[in-house]
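K.L.:
Kindly generate the complete structure, drawing on both the sequences and the hints.
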Amino acid sequence: MNTRILKAEFDYFAPASIGEALALIAQNGPTARFIAGGTDLLVQMKLETVAPGCLISLMKISELSVLKREKGFLRIGAAVTWDRILAFGSEDRSYPALDDAVRCLGKVQVRRMGTIGGNLCTASPAADSAPALLVYDSRVRLVSARGRRTLLLDKYFLGVQQTARAADEIMTEIRIPAPRPDVGGAFQKLARVGADISKISCAVAVERKGRVCVSCRVAMGAVAPVPLMIRGVPEFLQEKTVTASLLVTAGRMISDEIRPITDVRSTAEYRKQVAGVLFRDVFQKAWTRAGGEP
Amino acid sequence: MVRKTYSTIGRTTRRKDGVSKVTGREIFASDVVLPQMLHARVLRSPYPHARVVSIATAEAEAMGAVCLTPSDCPAWLYNERQVSIPEKTYRDRTVLPETARHVGEGIAAVAAKTEALAEQALGQLAVTYEPLPSVFDPWEAMAPEAPRLYKDIFLGDVVLPIERNIACFREMREGEVEQGFRESDVVVEQEFRTGRVYHHQMETKGVVCRPEPDGGISVWPTAQSIHNVRQLLGRIFNIPLSKINVHRIPIGGSFGSSIQMNTCIAICAALALKAGRPVRLVLTREEDLYDHCKYPSLIRLKFGVKKDGAIVAGEMTTVVDIGAHNIQAYPLLGCMAGWFVSLYRMPHMHFQGTAVYTNKAPACAMQGYGNPQVSFAVESLIDVIAERLNMDPIDVRLKNYVGLGETFWGQGPTVRSVIRSCGVEEMLQKGKDLIGWESRNRPEARSGRFRRGIGVGRSFHTSGTGAPMSGEVIDYSTALVKFNEDGSVDCLTPLMCHGGGTLEALTKIVSEETGVPLSKVEISPADTRSTGYDVCTHATRGVYCGGASARRAAQQARGILLQFASRILEVNPEALKIRPDEDLGQGVIYLEGAKGKSITVGEVAKTAQIKSWGTAIAVVSHRQVNCPPCFVTNFIEVEVDTETGRIRPVRAVAAVDAGTVINPDLAAGQLEGGLCRGIGLALLEDTDYDPRSGALTCGGNITDCKIFTALEMPLTEDVATFFAETEEPSGPFGAKGVGEAANNCTAGAVANAVANALGLRFTDAPMLPEKVLARWTDYLREKRGA
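Chains A and B supply the protein sequences, listed in that same order.
Add 45 to a position in the first sequence, counting from 1, and you land on the number used in this note's numbering.
Add 308 to a position in the second sequence, counting from 1, and you land on the number used in this note's numbering.
The hints are simulated quantities; they were obtained by calculation from the structure and are not laboratory data.
Mixed in with the good hints there might be a few duds.
What the hints assert, rightly or not - Taking lysine-lysine pairs in the DSS-like style, the calculated list, with each CA pair at most 27 Å apart, reads:
1) K317/A x K116/A
2) K317/A x K1091/B
3) K52/A x K421/B
4) K52/A x K105/A
5) K903/B x K919/B
6) K91/A x K707/B
7) K707/B x K740/B
8) K152/A x K903/B
Said to hold, decoys possible - A short, non-exhaustive set of chain A residues, derived as facing chain B with CB atoms under 8 Å:
9) I50
10) K52
11) D56
12) L86
13) Q89
14) R193
15) L196
16) G239
17) V309
Built from N, CA and C at the ideal position, the CB exists for glycine as well.
P.N.:
Here is the structure:
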């Protein structure tokens, strides 16, 4: 086993347009794969858990590197790297949960190479961007020879590293609706060390009116086969005056709802134990931000 | 005391190797490229214990690869560690084994034109294994019916049968321990564990070997001792040492991971000799993780004390799971006994240590060599004593510490010397003030989710393994110093720098002694052909032992130079002095009080050359006849999140008594680095094995084998480092060591801080959040129940 030497041979293309990329995937048969930053795929190839006969890089396609606000959405091209999103987030504070997530995502090297689309296509249950994007009701745009479609991110994740994207489909961009005013967001994770894959992560977006929670969205990572949209708690908190004991109850509901496993990073038991605490911490941070504080 | 003032020693200067390291121009073993060079890869056992029945190489050879199997290799058993005297060296391995004893053990190798081709060829080797029963727990391994890793090995030149997988056993007594416990007012006893920590050095081990036309071999290895590499290769391959040249090459960190001749060196040498071409072999991180680890510890510790806190008796029993090879368990057990008895006085002591083979990656020395493990136990139990006697933990330490004038045998029973410098009290007093010890509360006073606690830990390491008498450990250094014809100075030594500034310190020692400005003193490239023996940069000996040899060589060369100068100046050489002149970039030789009687070192050296008087040059082989302890003290404040179990170090004070400090910024850096790894030992680091497969649960993958970095450390402004004001009479310009000492006391300090925060003591490191939360939940439940 090794993560340094890439012994397999494969064809490599770096097309400049989506059309070209779609043609290449069609021509190169079932073992052809798209590649973006490669932070996951190259490791898997060195470990020989995958063996693509052909790699088609998406990094030269300008359409995939868009990053701008447009018509009530933030459009992030699938091939936009984390460090660009980080720089954007420093100027535009509309999506603090996403900004929190990107700040604790990997180290400099991963942030420089890794892309948001790659993260969503790999679809790890622990993907840090996923809970943040879920609470902002994000959508992903996919294109193939059959045409274009837009999916709610909530409908996109199907299982561990399984998504609604077909192998010959390219994710072109992520669209995040502009949040309503009075919405605060936050993301936090627990991990073994500062730069690490999450043991458990949580994102919250909450709309606040005084002491009342108008509505909220909660998503968690590394607690189920997919990045998990929490169902029960938003309904429970809706239009309620937020108190410490209310959040304790909500935290307990979350512990009951999640279905974590024991793996190399932590145990199912621990994840259940701390899910509620993590939720309360994140909710509190989002709540404070919704109140206009930093 | 008033410190002596020096021109160079103790000054913060820019590192001589700094530019090459930060600009990526430094050449490490993996950067060495030679014409016609092949690249090697090693086939590693997927089984924890299996006989290699056959290896078919035809297909790999058909691809053009050179293949190496056990039948190509010398059958001589070796031990990669060459520091003990031969009759105390346990030999249990060959270049490639016929039986694999842990997952990841190399059993065959190939060399090809590129690394990727070699990797492909590796896949073409067809191996038939006969899996054997395996054992992973040291207690199970000692059971009579347990699978046996070895029938017999060699101890020196004598066949040593191995019974119940016990690699070696040591027992030591002083006084009458049972009587001591009877005389004690309070007896405390607990069991402690520390993890099987991976070294995590930045550079994975590597080597380039070139067979020479004369039948010899040249080697560029990742190594802490080039001479031990040469001697072992000579013995294994039956090549005269005069035909083996091992080059010193910078190392990308070590923590002890290359203290032995890495086994990949022997494999690469065998491949190069077979191929008749240079071969490069650089381990992947995954291979490196299966190569070595720190000795894990399981320690049962008992102290008997009087009511006033005076320790009467101490007993330590340890079982060390050494993994599949006995690299240096015998001296380790001697040292563990030494670390145990040398920290606090105990009139009566008993030590029992057992090293046990299991089917895991072999353990070897790592920063502290058993000392962080022992000090974790001792320092924890000292706090338990304080608690029982209702004493201040610092007072218990002050009452019992081994200090000035006392005999001390940190490096084991044959390395005894008397302590001549000691900053223990100073560090405890000053550290106490810096951390705010007086405001430290009892755990009962705390409430709420986040609880802070302060703990103290102290320890020491030895500066080298020298002593008045030669014991079981070899220790001496060789250095050459010469004045060049322009007044600059070369220092040639096989000593290694692991990154902590050892060779930098040598340039300062030579500059100070010769009077030549630091900018004109350089360390020469070294190899085994051009240098005398140096045992190894290990045991915190680089500055104290290696530096002492360089200082003596400088003294002698200086004497010759002054003879030359006395001819020119027509004065008695004894009357001459040398001072550095930074503006001139020269040492200036002068007669005190006499105007006009001065000349630069360069002028003298050049005159001596022109007039054919000779070169002012000296080479010295030197053994230090003392083994002074460099004492360390940490005060650490932690914050425990009682709802997630996460422990965060928030403030720290780290102090060392290193005698005269030669590189102040680098020594402070050592303290900070030691603190980081020590906190890791306490809170995070371990490697465990899946008993079904025998594989590491992290799979050898660094993604799942974490260490702390700057992200987890307290903020820079919350870490204070300082040096005790001492001077070691036997050290070069009063210097002792720092390196290993820096992390020896940290885990104990962390454990004591956590106990102070929670009122709950953890004796089994690492204190992972999962464990902390579960125990804390149980503790609260019990408290409520009571």
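K.L.:
Indicate, hint by hint, whether the structure satisfies it.
P.N.:
Hints and how they fare:
1. K317/A x K116/A: violated (40 Å)
2. K317/A x K1091/B: With Cα atoms ~23 Å apart, K317/A and K1091/B stay inside 27 Å; holds.
3. K52/A x K421/B: holds (13 Å)
4. K52/A x K105/A: holds (25 Å)
5. K903/B x K919/B: holds (25 Å)
6. K91/A x K707/B: violated (58 Å)
7. K707/B x K740/B: Holds: K707/B and K740/B sit about 16 Å apart, inside 27 Å.
8. K152/A x K903/B: violated (63 Å)
9. I50: holds (5 Å)
10. K52: holds (4 Å)
11. D56: violated (16 Å)
12. L86: violated (15 Å)
13. Q89: At about 12 Å, which exceeds the 8 Å cut-off, the nearest Cβ of chain B leaves the hint on Q89/A violated.
14. R193: violated (36 Å)
15. L196: Violated: closest Cβ of chain B sits about 30 Å from L196/A, beyond 8 Å.
16. G239: Hint holds; G239/A Cβ to chain B Cβ min 3 Å, cut 8 Å.
17. V309: Holds - the Cβ of V309/A comes within 8 Å of chain B, reaching about 5 Å at its closest.
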